[in-house]
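Engineer: As a plain string of letters, each chain reads:
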Amino acid sequence: MRPLRFGPARPDRPAPGVGDLVILAGIAALLYAGVRLAFFAPRAIAGPEISTAPAALPWYALLSIGRMSIAYALSLGFSLAYGYAAARNPGARKLLMPLLDVLQSVPILSFLPVVLLGLSAVLPQRVAAELAAIVLIFTSQAWNLTFSFYQSLTTIPGELKEAAAIFRLSPWMRLRVLELPFAAIGLIWNSVMSWAGGWFFLMASEIFKVGSHDFRLPGLGSYLQTAASTGNVRAVVSGVLALVTIVVVLDQLVWRPLLAWATRFKIETVEGEQPATSWFRDALDGSWVASHVRARVLLPLRDWADRLSTAPPADAAARAGNARSSRWPARAAGLAVLAAVAAGALGAVSLLASLRLAAWGTLAAGLGATFARVAASLAVALAWTLPVGYVIGTRPRLARVLQPLAQVLAAVPATALFPVILLFMIRLPFGLNLAAVLLMLMGTQWYLLFNIIAGASAIPRDLRDTTDLLRLGRVARWRTLILPSLFPFIVTGAITASGGAWNASIVAEFVEFGGTTHKTLGVGSAIASATNDADYAMLLAGTLALVGTVVLINRTFWGRLYRLAEERFRME
Amino acid sequence: MSETALLTVDRVTKTYGRPPKLFVAVSDVTLTIEPGQFVCLLGPSGCGKSSLLRVITGLSPATEGRVLYRGEPLSGVNPHATIVFQTFALYPWLSVQENVEVALRARGVPAPERAERARKLIDMVGLDGFESAYPRELSGGMRQKVGFARAMAVEPELLCLDEPFSALDVLSAEALRGELLELWSSRSIPTKAILMVTHNIEEAVLMADRIVVMGKDPGRILAEIPVTLRQPRQRKDTAFQGVVDAVYAAVAGKTRPEGEIRQVGRRLPRARLNALAGLVEKLSAEGGRADLYRLAAELNLEIDDLLPVVEVGEMLGMATVSEGDLLLTALGKAYADASILARKELIAARILRIPIVLRIYEALQQDDNRRIDRGYFLGKLRDEYGEQAEAELENLIQWGRQAELFSYDQGTGELFLES
Chain S
1 MRPLRFGPAR
11 PDRPAPGVGD
21 LVILAGIAAL
31 LYAGVRLAFF
41 APRAIAGPEI
51 STAPAALPWY
61 ALLSIGRMSI
71 AYALSLGFSL
81 AYGYAAARNP
91 GARKLLMPLL
101 DVLQSVPILS
111 FLPVVLLGLS
121 AVLPQRVAAE
131 LAAIVLIFTS
141 QAWNLTFSFY
151 QSLTTIPGEL
161 KEAAAIFRLS
171 PWMRLRVLEL
181 PFAAIGLIWN
191 SVMSWAGGWF
201 FLMASEIFKV
211 GSHDFRLPGL
221 GSYLQTAAST
231 GNVRAVVSGV
241 LALVTIVVVL
251 DQLVWRPLLA
261 WATRFKIETV
271 EGEQPATSWF
281 RDALDGSWVA
291 SHVRARVLLP
301 LRDWADRLST
311 APPADAAARA
321 GNARSSRWPA
331 RAAGLAVLAA
341 VAAGALGAVS
351 LLASLRLAAW
361 GTLAAGLGAT
371 FARVAASLAV
381 ALAWTLPVGY
391 VIGTRPRLAR
401 VLQPLAQVLA
411 AVPATALFPV
421 ILLFMIRLPF
431 GLNLAAVLLM
441 LMGTQWYLLF
451 NIIAGASAIP
461 RDLRDTTDLL
471 RLGRVARWRT
481 LILPSLFPFI
491 VTGAITASGG
501 AWNASIVAEF
511 VEFGGTTHKT
521 LGVGSAIASA
531 TNDADYAMLL
541 AGTLALVGTV
551 VLINRTFWGR
561 LYRLAEERFR
571 ME
Chain U
573 MSETALLTVD
583 RVTKTYGRPP
593 KLFVAVSDVT
603 LTIEPGQFVC
613 LLGPSGCGKS
623 SLLRVITGLS
633 PATEGRVLYR
643 GEPLSGVNPH
653 ATIVFQTFAL
663 YPWLSVQENV
673 EVALRARGVP
683 APERAERARK
693 LIDMVGLDGF
703 ESAYPRELSG
713 GMRQKVGFAR
723 AMAVEPELLC
733 LDEPFSALDV
743 LSAEALRGEL
753 LELWSSRSIP
763 TKAILMVTHN
773 IEEAVLMADR
783 IVVMGKDPGR
793 ILAEIPVTLR
803 QPRQRKDTAF
813 QGVVDAVYAA
823 VAGKTRPEGE
833 IRQVGRRLPR
843 ARLNALAGLV
853 EKLSAEGGRA
863 DLYRLAAELN
873 LEIDDLLPVV
883 EVGEMLGMAT
893 VSEGDLLLTA
903 LGKAYADASI
913 LARKELIAAR
923 ILRIPIVLRI
933 YEALQQDDNR
943 RIDRGYFLGK
953 LRDEYGEQAE
963 AELENLIQWG
973 RQAELFSYDQ
983 GTGELFLES
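Listed in order, the protein sequences are those of chains S and U.
Position 121 of the first sequence, counting from 1, maps to 121 under my numbering, and the rest follow consecutively.
Count along the second sequence from 1, add 572, and you get the number used in my numbering.
In case anyone wonders, no lab produced these hints; they're calculated from the structure.
Computed from a predicted model, the values in this text were never measured in an experiment.
From the three backbone atoms N, C-alpha and C, an ideal C-beta is built for every residue, glycine too.
Errors might be hidden in some of the hints.
Covered by chain S, per the in silico footprint, the following chain U stretches (three or more residues, Cβ under 8 Å) [said to hold, decoys possible]:
#: 1; region: 626-636
#: 2; region: 920-930
Keeping only pairs whose Cα atoms sit at most 30 Å apart, straight-line, the calculated DSSO-like set for lysine-lysine is [claimed, not checked]:
#: 3; chain 1: U; residue 1: Lys593; chain 2: U; residue 2: Lys905
#: 4; chain 1: S; residue 1: Lys266; chain 2: S; residue 2: Lys161
#: 5; chain 1: S; residue 1: Lys161; chain 2: U; residue 2: Lys764
#: 6; chain 1: U; residue 1: Lys905; chain 2: U; residue 2: Lys916
#: 7; chain 1: U; residue 1: Lys916; chain 2: U; residue 2: Lys952
#: 8; chain 1: S; residue 1: Lys266; chain 2: U; residue 2: Lys692
#: 9; chain 1: U; residue 1: Lys788; chain 2: U; residue 2: Lys593
#: 10; chain 1: S; residue 1: Lys94; chain 2: U; residue 2: Lys593
#: 11; chain 1: U; residue 1: Lys692; chain 2: S; residue 2: Lys161
#: 12; chain 1: U; residue 1: Lys692; chain 2: U; residue 2: Lys788
#: 13; chain 1: U; residue 1: Lys916; chain 2: U; residue 2: Lys854
#: 14; chain 1: U; residue 1: Lys593; chain 2: S; residue 2: Lys161
#: 15; chain 1: U; residue 1: Lys952; chain 2: U; residue 2: Lys788
#: 16; chain 1: U; residue 1: Lys692; chain 2: U; residue 2: Lys764
#: 17; chain 1: S; residue 1: Lys161; chain 2: U; residue 2: Lys808
#: 18; chain 1: U; residue 1: Lys952; chain 2: U; residue 2: Lys905
#: 19; chain 1: U; residue 1: Lys905; chain 2: U; residue 2: Lys854
#: 20; chain 1: S; residue 1: Lys161; chain 2: S; residue 2: Lys94
With the rest of the complex left out, here is chain S (with noise of 0.2 Å):
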């Protein structure tokens, strides 16, 4: 088996391509859409009144778990939907994939202001606010879900899916005892991760406010920034005690236990390897309670369902008729939706005309800065993750104390921080910039540890022993043995840090703290400026800039690592 790697799965394609230009020209039209309804936003939003009240806490973090808890749940849903209709149908898959493609790679929170001021327009502001947080958060959870279902789907052993036909199992049946159980580790793992990552979007849509436009929502991450803004320690305080409390319950009681439980999916047991555990699994597995409810509402459930899909084989013939049938409609929507993206596509090139050439220049000044930021946190975490994920990786018992410590950090997510970090930083020189690098950094930084961790564990131990024999010096070592070895994964960690890094600078360029309004040069200002003057050519043009760049900056430079990686630097 291959070492987990954390981050986006890429599948093999060529450079770009014709089908990138339709997918971005969708993004694009998709986008003026929105900023074609954010013509009629209110000029004014006023946001709710956040208590920095401890009792207020309990009642704000169930309101933030919500949200997350229906994201999550659409996501899900999503996932399976998509992934099933990629992989079982080659012409879906091909329109498909390479949008998935696109979209894990495009920075989502830029999408946020466009968003927010469209539902703004059509609905009760509070409303549209929600609304808004739970696409972000989807948009942020589903991708590597659905990448990972489809990956699982499509690597069945042929075998066991022959197994399935030769023994004609229903496709209910076939999905309840083949390929659900195939990917639910790797759809459980992605969980984790599309959790960990919804908290940073939740947290910056909770925040969101820029000038007179206030979208803030009555959540853990609006109280923290209140709490901060108004110098409020004792609220701090017990703001990111909530935060982390949470955070370890939700391990402890949702993801251990079911990490614990999907060990039984596993294909093949791999030596020396630690399963994983859980009291509270343990506990339940015990309880009256749990075996009867599963005995009692479960098991007679999925019998149910067996035998209601067990349809005698005529139905079958007739859905296949019914398929060949179908091919019309779905030709006309896919003209027609072609048809909405040039359009689209033509109305966001008419209002980018209207923008003035200095406008361009401060966008292409700003996007110059933010790259810098993004590259210099890439270059601290880079620093500090190497030796320390090596030296944990390659020691298994540093390892079972550092990694769950480090696992629950990581999961606290920087956007609530970043409240409390400008409490600290914003009187520095620089301060902004100091801090805008820092929120990057922390967001950012898990992906590398965790992708160096698994890869120095991944070094065989034969390897590292040749290595001792030879007397290496440390300089030597590091250049034949660790960072060859490494390299992979530290290029797919480097890949999720440095979206996360771009998605950052949408909340840390432009920030209102203690009543005042500080920014800095940067893409991520710009666009917040843009939503605060209600300049919409300028919101169009900074957010398809962006999107642009990051999406360039994934299909060349990062894309041709990959590949490097892929075909030099794997182990088999």
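Fit chain U to the known structure of chain S by using the hints.
Structural biologist: Positioned in the frame of chain S, the structure of chain U alone reads:
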């Protein structure tokens, strides 16, 4: 076509992919299976025997031709057939009992009857007491027993076995073969006919009433050999050995003698030149003549692995095949007695007689830097080998390296002459 046939395969061709990358797995195969027969499909890997099995069971449709079951054309999965898989194909997250029951669930058998039938089948294959165990807790042989129990659960008329013993250790495989033969010959299972795919000649002779020998490029039937020995069969019997030799001759008959060395478009055997040295030395130690089948056993090689090496020997004029025996030629004898250096020169000289190798060598000699990009040769090879060109060049490079004629630089992708 017989009236009574259980299964008729009528001029079936199975291809994968589309013309530029078309791969013919099975070409124009006709075959009938009568009730009461145990038929073996025997051949080297890549001869399309597994593809044929999937066409026969309806798992994948034939590209051309048709499959008739009891005289009716097959469409979709054959409900009267089932497969026992090489890798067992058990669901690892289901217990033994649940794995057997899944087959019954899918047919809508109600719960109490389902559990009872599954228990009886598990008992029949001798796994009583392991109902609640998971596959990973069982040995390979026990897992395959679960595979058999699951297959029997649907009471198939046609039982298909896809190399069912090849993933097992020798002892488990032998035990399981005996148990299957006993179930089959005692008629205690409702199965009407068995079709087994294998590449193990002895196994086929041990079990089958009829052996269908297949060859590759493209997959086709080379011969059909009836086995009339009475069960239980003894491997040591002369009659048994006679059948084994006959089958061996039919399988090995596909290799061609040296005379065809200049034939254009013939693929080089996929074997390492180094292996040839081992074979020639062994043959020399045997006095220059050895039974192919015994040779394979003594070298601990499957026939799939031995035949390409034999083919290399034939191609370079060091050995010939005759009536299931391998004979050392004078050249082979000289090679066996030569020093390491002399051997290298001998091999290099012989290999240069192969036109394609000579062409590469001469092209490299004429180049100023004595380096040429692999793409150049790939283009040339495409004309002769089509989509096989990549693999062919890969093999040629291996040969060139082992004979120290030319080498290959992975970094630049160039072939070059050693200075």
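Engineer: Next, verify each hint and record whether it holds.
Structural biologist: Hint check:
no., hint, verdict
1, 626-636, "holds (count 3)"
2, 920-930, "violated (count 0)"
3, U/Lys593 <-> U/Lys905, "violated (42 Å)"
4, S/Lys266 <-> S/Lys161, "holds (17 Å)"
5, S/Lys161 <-> U/Lys764, "holds (26 Å)"
6, U/Lys905 <-> U/Lys916, "holds (15 Å)"
7, U/Lys916 <-> U/Lys952, "holds (27 Å)"
8, S/Lys266 <-> U/Lys692, "holds (29 Å)"
9, U/Lys788 <-> U/Lys593, "holds (17 Å)"
10, S/Lys94 <-> U/Lys593, "holds (19 Å)"
11, U/Lys692 <-> S/Lys161, "holds (26 Å)"
12, U/Lys692 <-> U/Lys788, "violated (42 Å)"
13, U/Lys916 <-> U/Lys854, "holds (18 Å)"
14, U/Lys593 <-> S/Lys161, "holds (25 Å)"
15, U/Lys952 <-> U/Lys788, "holds (24 Å)"
16, U/Lys692 <-> U/Lys764, "holds (20 Å)"
17, S/Lys161 <-> U/Lys808, "violated (40 Å)"
18, U/Lys952 <-> U/Lys905, "violated (36 Å)"
19, U/Lys905 <-> U/Lys854, "holds (11 Å)"
20, S/Lys161 <-> S/Lys94, "holds (22 Å)"
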